Amino acid sequence: MTTTCCERCERDTLIDDMPEARQALETYLDGLPLTDKPERNQGFLIQSLHKAQALFGYLPESVQLFVANKLGIHLSQVYGVISFYSFFTDSPLGDFRINVCTGTACFVKGAGKILEEFVRLLGIEEGETSGDLRFSLGGLRCVGACSLAPVVMVNERVYGNVTAEMVPEILNDCE
Amino acid sequence: MSTTTPVKDPAALASWATEQKAQQDSGAPILIRVSMGTCGIAAKTGSVLEVLQSEVQSQQKEGQIEIVQTGCMGLCHSEPTIEVYDRQTRQSIFYGNVKPEHAPAIVREESSQAYGVDILTQNWYRPEEEKADVATAQARIVLRNTGRINPESIGDYVGTAGYTALAKAITSMQPDEVIQTVIDAGLRGRGGGGFPTGVKWQFAANQPAGEKFVICNADEGDPGAFMDRAVLEGDPHAVLEAMAISGYAIGAAKGVIYIRAEYPLAIERLQCAIGQALEYGLLGDNILGSGFDFDIEIKYGAGAFVCGEETALIHSIEGLRGEPIYKPPFPAVEGLWKRPTIVNNVETLANICAIVRQGPEWFRSIGTEKCPGTKVFALAGKVKRVGLVEVPMGTTLRDIVFGVGQGIANDRAFKAVQTGGPSGGCLKSDDLDTPIDYESLRALGSMMGSGGMIVMDEDDCMVNVAKFFLEFTLDESCGRCTPCRVGNKRLHEMLVKVCEGKADMRTLEKLRQLSDVIKETSLCGLGQTSPNPVLSTLRQFRREYLDHVLNHMCTAGVCSALISYEINDRCVGCTLCARNCPVSCIDGSPKELHTIDKELCIKCGVCQQVCKFHAVDKH
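Residue numbers (my numbering), protein chains in the order written: chain H, 1 to 175; chain B, 1001 to 1619.
No lab work stands behind these hints: they were computed from the structure. Please note: incorrect hints may appear among the correct ones.
[To be verified] Listed next, the in silico DSSO-like pairs over lysine-lysine satisfying Cα-Cα at most 27 Å (straight line):
{"id": "1", "chain 1": "H", "residue 1": "K37", "chain 2": "B", "residue 2": "K1327"}
{"id": "2", "chain 1": "B", "residue 1": "K1591", "chain 2": "B", "residue 2": "K1519"}
{"id": "3", "chain 1": "B", "residue 1": "K1254", "chain 2": "H", "residue 2": "K70"}
{"id": "4", "chain 1": "H", "residue 1": "K51", "chain 2": "H", "residue 2": "K37"}
[Said to hold, decoys possible] Quick list of simulated restraints, FRET-style, between CB atoms:
{"id": "5", "chain 1": "H", "residue 1": "N172", "chain 2": "B", "residue 2": "L1546", "range": "44 to 52 Å"}
{"id": "6", "chain 1": "B", "residue 1": "E1297", "chain 2": "H", "residue 2": "L65", "range": "22 to 30 Å"}
{"id": "7", "chain 1": "H", "residue 1": "A24", "chain 2": "B", "residue 2": "K1510", "range": "53 to 61 Å"}
{"id": "8", "chain 1": "H", "residue 1": "D36", "chain 2": "B", "residue 2": "G1275", "range": "25 to 33 Å"}
{"id": "9", "chain 1": "B", "residue 1": "K1598", "chain 2": "H", "residue 2": "N172", "range": "32 to 40 Å"}
{"id": "10", "chain 1": "B", "residue 1": "G1289", "chain 2": "H", "residue 2": "L133", "range": "54 to 62 Å"}
{"id": "11", "chain 1": "H", "residue 1": "L65", "chain 2": "B", "residue 2": "G1407", "range": "37 to 45 Å"}
{"id": "12", "chain 1": "H", "residue 1": "D95", "chain 2": "B", "residue 2": "S1054", "range": "27 to 35 Å"}
{"id": "13", "chain 1": "H", "residue 1": "S91", "chain 2": "B", "residue 2": "W1337", "range": "31 to 39 Å"}
{"id": "14", "chain 1": "H", "residue 1": "S91", "chain 2": "B", "residue 2": "S1054", "range": "41 to 49 Å"}
{"id": "15", "chain 1": "B", "residue 1": "E1297", "chain 2": "H", "residue 2": "H74", "range": "18 to 26 Å"}
[Said to hold, decoys possible] Chain B is nowhere near these chain H residues, computed Cβ spacing over 10 Å in every case:
{"id": "16", "residue": "P19"}
{"id": "17", "residue": "E20"}
{"id": "18", "residue": "R22"}
{"id": "19", "residue": "L34"}
{"id": "20", "residue": "L45"}
{"id": "21", "residue": "G94"}
{"id": "22", "residue": "A105"}
{"id": "23", "residue": "E116"}
{"id": "24", "residue": "N172"}
Note that the coordinates shown come from a computational prediction; the quantities given were computed from them, not determined experimentally. Here a beta-carbon is modelled for each residue, glycine too, at the ideal position from N, C-alpha and C.
Based on the provided sequences and hints, a complete structural model is requested.
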């Protein structure tokens, strides 16, 4: 759902669409030891965004604005941070977030071919989400499990020593 | 100590340690250590642990066998790994690739041959007091407790002389004595730069008293490096203790650990450790009755490699975009919240306690004159024994790759070792006998970096490797400076051309020129070192570049534009390749020689992989 505040803009209403998540985020933000020094309060921004993304799944404008108001900083500062760090996203991700590790160890052991196979089978490119919001495909820079290279992560689950032939099996596990 | 009363003074700490040690020595005759680091858990060590625990119960062996979860043992090549330690004989046997079905026999203590599991080389560990013998074992200072103790038990840590260095520093040494000790030890930053740690502390200590900060840089972003993760997961208290010591040395009461969000287990263990240390009064106010206060807070990264650079890291902690700024002023003068700050990497800090405990002379007796101590490497890639390696500085690459790592996997030929991650370079076989330290690696056009060491074999194309690292830099450049943002993009385009066989000799010259410009004109370490993989491969593997450019050939058979597949007369017409070809470009009737339509072929190599008759050639 979207609402408009003027003719030119359109704003999502996710923050109101998910009252429980909103409540949890509000409790978290109110519990932060904020100080009377506004610049120091911005130091809580990144951890707040981690919390918000865990609750809402992604960080659209309504959620960004909510965090900004609570921390007493500008929406632009929040957006600046979200757009800088690859962990944060302002668009929804799929139920199954498939991340192929493309760190060096995985690269030399053939991560590229595995990524290609996912692209071929899912019909989406790296960094994209399927239209039905089931799958998101991404590259990941080293999870530090180099001994299992190449590694694929589906949400929290780690697959090690992956080969291109295993890709259909991994997709089958996504139920 | 049965109740959680704060430890009041060093004497109380000492008696707690004695108690813990006695408890550890008098425990069940057999101690089974189970390696539960991230890679162990991913290799399903959890289910092995479960079966071990339930077997001990069902066989009623609680009095005879104690099971403890530890951090990574470093034997990543054969996870799940367990160590069976006999407290009476003080002998250990390491078992690798353990499966849940092996657990009953292990608990029954049957002869090890009956388990059907791999028995790993013994002597993997040497106590820190002993001199290291590289061929069989490693010197462990940083990893002394990793894989040995339960990282979630402060008692275990105290039982191995934990927190005695902090006690010694804050109750019997002046801050400047602590700094002098670290300077005398000659410890250099293990994050890559190699700057003398004590000197850094001195700068911050010399600033007027007031609010100061200690930051632990746990943003281990180099792909292929996992040393810091292992330390944080396996011995978190060592890092906390060292941070408190450095806080005392520079006059800071607050520490911040900046850790990447990709390390959930390390975060969990740190939180647990901080909680315990506060509970026992080893962090917080008036530590050990000395009047010294020190608190530690954890801050999380959010996926930005550049945040490993100290000024960018400080911005990130302040809740800003992690963009680096010009130095000076250095963080030691003006850092977090514009206050004097020291930023030390996890591995650097993990050396501190041992140095304070055993003195600078002991530390200087290990390693080389200019680089005392050890270095932890994360050995990965095409090597037989992938794992975590701690060796004295000055050890040769050959000892690491062919000694500890036992050579190249699958009987392929060694081609290169990549060190220093995206900022480093590749070393070839001629460099195998060079003793490794900061200077020697720099002289070879690479760098120490944080300690990732990726081994490559004859199937790796070095142009493609350079391209890979540039792709990384393109993703991770913060975009602030033009040379890094645009220059690396142009470098990448030129490398793509080389890989496609569309480059000429002028391209190679331009690659070199532009690399030099980026190095000289970028602001931060990321940009200044980003062309290193290109320059290093251009110099060390020039032949491969020339092959791509002049002969349109990729000898490693990696660059798909330069290779083609052909079916030879060993083909029996089994049709397997044709059925597996994703673009159906293989033609042929059953029991007849098949052919590949080279126009349609996408060079995925599936035909060659599935063929059982070696009938598909790659040119």
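Structure-based check of all given hints:
1. H:K37 with B:K1327: holds, 26 Å
2. B:K1591 with B:K1519: violated, 59 Å
3. B:K1254 with H:K70: holds, 25 Å
4. H:K51 with H:K37: OK: H:K51 and H:K37 at ~22 Å, within 27 Å.
5. H:N172 with B:L1546: 44 to 52 Å: holds, 46 Å
6. B:E1297 with H:L65: 22 to 30 Å: Hint holds: Cβ distance 27 Å, inside 22 to 30 Å.
7. H:A24 with B:K1510: 53 to 61 Å: holds, 55 Å
8. H:D36 with B:G1275: 25 to 33 Å: For H:D36 and B:G1275 the Cβ distance comes to about 28 Å; the hint holds.
9. B:K1598 with H:N172: 32 to 40 Å: Check passed, 33 Å falls within 32 to 40 Å.
10. B:G1289 with H:L133: 54 to 62 Å: holds, 58 Å
11. H:L65 with B:G1407: 37 to 45 Å: For H:L65 and B:G1407 the Cβ distance comes to about 58 Å; the hint is violated.
12. H:D95 with B:S1054: 27 to 35 Å: Because 34 Å falls inside the window, the suggested range holds.
13. H:S91 with B:W1337: 31 to 39 Å: holds, 33 Å
14. H:S91 with B:S1054: 41 to 49 Å: holds, 45 Å
15. B:E1297 with H:H74: 18 to 26 Å: About 25 Å separates the Cβ atoms of B:E1297 and H:H74, which means 18 to 26 Å holds.
16. P19: holds, 26 Å
17. E20: Holds: least Cβ distance 23 Å, greater than 10 Å.
18. R22: holds, 21 Å
19. L34: Given a closest Cβ separation of 12 Å, the condition holds.
20. L45: Given a closest Cβ separation of 4 Å, the condition is violated.
21. G94: holds, 18 Å
22. A105: violated, 4 Å
23. E116: The claim breaks: H:E116 does not keep its Cβ more than 10 Å from every Cβ of chain B (closest is about 7 Å).
24. N172: Consistent with the label, H:N172 stays out of reach of chain B, its closest Cβ about 18 Å off (over 10 Å).
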